[in-house]
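> Using the sequences plus the hints, can you model the full thing?
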Amino acid sequence: MNTDRFTLSKTYQFKETEQRIYTLWEKNGFLKPANDPNHPGHDPSVKPYVIAIPPPNVTGELHLGHAMFVAMEDLMIRHQRMKGVPTLWIPGTDHAGIATQLQVEKLLLRTEEVTREEIGREKFLEHTWAWKEKYGGIINDQVRRLGASCDWSRLRFTLDDGLSRAVREAFVRLYEKGLIYRGPRLINWSPGLKTAVSDLEVEYHEEQGRLYYFKYVIEGAEAFIPVATTRPETILGDTAVAVHPDDERFRHLVGRQALVPILGRKVPVIADDAVDMEFGTGALKITPGHDPNDYQIGARHGLDTISMLDQDARVTDAGGPYAGLDRFEARKRLWEDMRAAGLVIKEEPYTHMVPRSQRGGEIIEPMISTQWFVEIKHLAEPAIEAVRDGRITIVPDYFAKVYYNWMENIQDWCISRQLWWGHRIPIWYCPDGHMTTGRTDPEVCGTCGSAELEQDPDVLDTWFSSGLWPFSTLGWPDETPDLKYFYPTTMMETGYDILFFWVARMIMMGLEFTGEAPFETVYLHGLIRDEQGRKMSKTTGNVIDPLIVMDEFGTDALRFTLLVGSTPGKDMNLSLEKVEANRNFANKLWNAGRFILGALRDVPSAAEAPPAYTTADAWIWARQKELRGTVAGLFRNHLYGEAGRQIYEFFWSEFADWYLEIAKLQLREGGDRAFYTADVLVSVLDTSLRMLHPYTPYITEELWGYLKQAASAASPKIGLEDTQNGGWPEALIVAPWPEPQEPEGWEDWAIGDFKNIQEIVRAIRNQRSEKNLKPSARIGAVIAAGETALERMRKDAGVICALAGLSPENLTLANETGSKPDGHIALVAGEVEIYLPLADLANPSEERFRLKKELAETEAQIDRLETLLSGPFAEKAPAPIVAAEREKLAAYRAAAAKLEGQVGG
RNA sequence: GGGCGGGUAGCUCAGUUGGUUAGAGCGCUUCGCUUACACCGAAGAAGUCAAGGGUUCGAGUCCCUUCCCGCCCACCA
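Residue numbers are given in the numbering used here: position 186 of the first sequence equals residue 186, and the series is strictly consecutive.
No lab work stands behind these hints, which were simulated from the structure alone. Do not rely on the hints blindly, as some may be mistaken.
[Said to hold, decoys possible] Calculated cross-link-like contacts (lysine-lysine; reagent style BS3-like; alpha-carbon spacing at most 27 Å):
no., residue 1, residue 2
1, Lys-377, Lys-401
2, Lys-215, Lys-332
3, Lys-32, Lys-134
[To be verified] Derived Cβ-Cβ restraints for the label pairs, each shown as a range:
no., residue 1, residue 2, range
4, Pro-457, Glu-516, 31 to 39 Å
5, Gln-311, Lys-27, 23 to 31 Å
6, Asp-545, Ala-609, 34 to 42 Å
7, Gln-311, Ala-274, 22 to 30 Å
8, Glu-362, Val-543, 16 to 24 Å
9, Gly-633, Gly-515, 31 to 39 Å
All C-beta atoms in this analysis are idealised placements derived from N, C-alpha and C, irrespective of residue type, glycine included.
Have a look at this one:
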């Protein structure tokens, strides 16, 4: 766009920049790990930093959750890369069994008007692979657009051959250890999806339902037991009526037979502690085939189990006259019939928790079904231990409690799904029902030798393969160079909403199969909500599309907003106003850079005298050093948001607002002054860009590229740091990170002196504003102070004049304090008195009042500090803290003395 | 029922191991097109840090109680 390396466009053009910059990174191989174990010269002793990406689903929709983890992980990776650590960020996608299959089914129905059953498994899978090719590619491009510096040469997909082999190996090992079993159990059945789902895939929603009260008539007696239920249709599957053993009302009926309404089937009246005498009628109908609680009671009492619903949630033959009816229809009809038969007592509105499928949304039916399970306790115990003993750290730490809480109460994991899209269960059955497994497909039955084998039609839960992700992506079960060098990974960064689904399972499986914790740190970010804190959802219509945000404000603005607006583990409310504010920051960055580049054009190519820095130079340099230390500390504690805020503040309100303004003066002076000013400008901008790069990679890389060109052209000596480090690096993405620097002793006074200047400037500006003086009006001033303060000020008089709008020729520096010239107003800034010729614009009594008020405030501070310092504080608090307070007191006293003089005189 | 998090300026939030006048963005008021930036600059108003108690020389920060809000887990019909 611009051929002149000193001139930039007026605003940052992110659209034009982003793709070009990404290509630059990728083409130059910056995204690949330095110290690759597959390359010659590899040094295995250097510890790498590795993140396995949370693989997005191939369903093809980028959302803010993706933007969040990409931004956060990219920040971590870029930071480490700049620190010189070999980094690997493995990208990939997840086949997402149910979600993808549903999408493809929908597509087929819409485009070809066929169901998957109609075209058959093989054909359906072809369609699904085609879908994956299309949408998996799209999502990867979007991840790129977010700036993700992943190593795309290591792109993985959960259904790849390699990863499928890992899944096979994992299954077989668990099977051989007896940790995987098959059997009929009560599971969560999704009638819409026609598959079993795990406990985690069931969501409970509070919903308005009804509580139905009815009579369980006792056989051969007038008596009945009143029973309440929320699901009357399950009466058809009842095999007992239960009461509490201590319940006087029903004790005499225990052991009798009750008659199932309408069906007339005889079921026993039993006594069980699980019954709550206070709730409902105090009696419970028992349906072991369709209720988890009843299932256990049934098991205790050896009750029959009746399956009264089939896979479509229609009533089975066990339901007699209701057979074939849908579950809700059956409920209605049965209840009507019971009412007609006089068995209904009443019904009332009742709010309860309804289990719904996380995917399909329809009501889940607990059902008896033959499925595959992982015996999870054996895996859970070591996984709990790994967090407890610190092999894995969870950030923020309170999520460790959540983790323990879940892991300690974990139930066996149902891993089979009645789907087609996924890893097929590697079990083969012979006609006699023997099961054979193996790392390769078996030819004959392992038990009877029969060659007539049929593979289990089901596939594994998607999370089974996701659980292997940190090592399956590196080549496991083979001992590949990648696995050896990059495993265990370093950081697992993801949303807290999949702590159980994914993180816990990776820990369990990692420990089980590799003997090592799959990562050192788990960093959990919060969820992104809308500006009012509501969950984003299509039905609410409050979804913010990251692609649109990036189009409007740029990737960097979005990333910075997500990174700086968030605190580990806490949800954040995103609003476009915030993104806009950060777009403005990007523009600030751009324009500061633009100014500095422009300045470099006219700078003499080398200084003649040794460095002589101004107060402002020393100050910004000292602050820059402080910032390095602060940021390092924050990064160590994973407080990336706060670190970003600090850099933002430094850049905008210190470097841009103050130093740049002063630099204009210093540049105007020309000669060595201009050279050293340019040098500071370049160095501080360089440092700032490096520190911002993990947050806003595009604009910083782009600007830094210009800076490098211009600084190199202006003089090889400009840019202090890299003069020492052997010149400018190839690109910002691989430039060394600004590490903390040792203090050299001058920093404190540099910062102190400049604060004084700021104080004086602010005091004058304040009065100018109060008196409605035009900003362009230059006025004179008398500044009076003690000799030492005055000495310092002589150096910086020019700066004060320029920033406070004083005309230098009418500035008087006096060591005679307390004597206000005629026609002037007085103000006090610390130890300094300032007189401005603004009496004409001021009301004398208001002036007096202002000074009196200031004096009163200062005296209040003096009182406060005197009390503090005369109390136990002086002895008990650490010496440096006390000393600091004493200094403050001295300063207040000095100021008060000046003010008294003014008020009196 | 169990567990977890939060309540800080009009709004949205930050506040790192307790250090002594509490910060930002947006919004608001008043000025200003000063040759990097109006996606800007300067000045300003605005908070009893939910309430009460405690520990401490010192608490927004640690402990207890209470009141609100949110989330997670759990088979109360």
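> Is 22 to 30 Å right for how far apart the beta carbons of Gln-311 and Ala-274 are?
Distance hint for Gln-311, Ala-274 holds at roughly 29 Å.
> Starting from Lys-377, check that the Cα of Lys-401 is at most 27 Å away, please.
holds (18 Å)
> Next pair to validate is Lys-32 with Lys-134; report whether the Cα-Cα distance is within 27 Å.
Distance of about 25 Å is within 27 Å: holds.
> Does the structure keep Lys-215 and Lys-332 at a Cα separation of 27 Å or less?
holds (17 Å)
> Taking 23 to 31 Å as the hint, is the beta-carbon distance of Gln-311 and Lys-27 inside that range?
violated (53 Å)
> Given the hint of 34 to 42 Å, is the C-beta distance from Asp-545 to Ala-609 inside that range or not?
For Asp-545 and Ala-609 the Cβ distance comes to about 57 Å; the hint is violated.
> Given the range 31 to 39 Å, decide if the beta-carbon distance of Pro-457 to Glu-516 lies inside it.
holds (35 Å)
> I want to verify a distance hint. Is the separation of the beta carbons of Glu-362 and Val-543 within 16 to 24 Å?
The hinted range 16 to 24 Å holds for Glu-362 and Val-543, with Cβ atoms some 23 Å apart.
> Do the beta carbons of Gly-633 and Gly-515 sit within 31 to 39 Å of each other?
Roughly 34 Å apart at Cβ, these two residues keep to the hinted range, so it holds.
The earlier numbered hints that this structure contradicts are 5 and 6.
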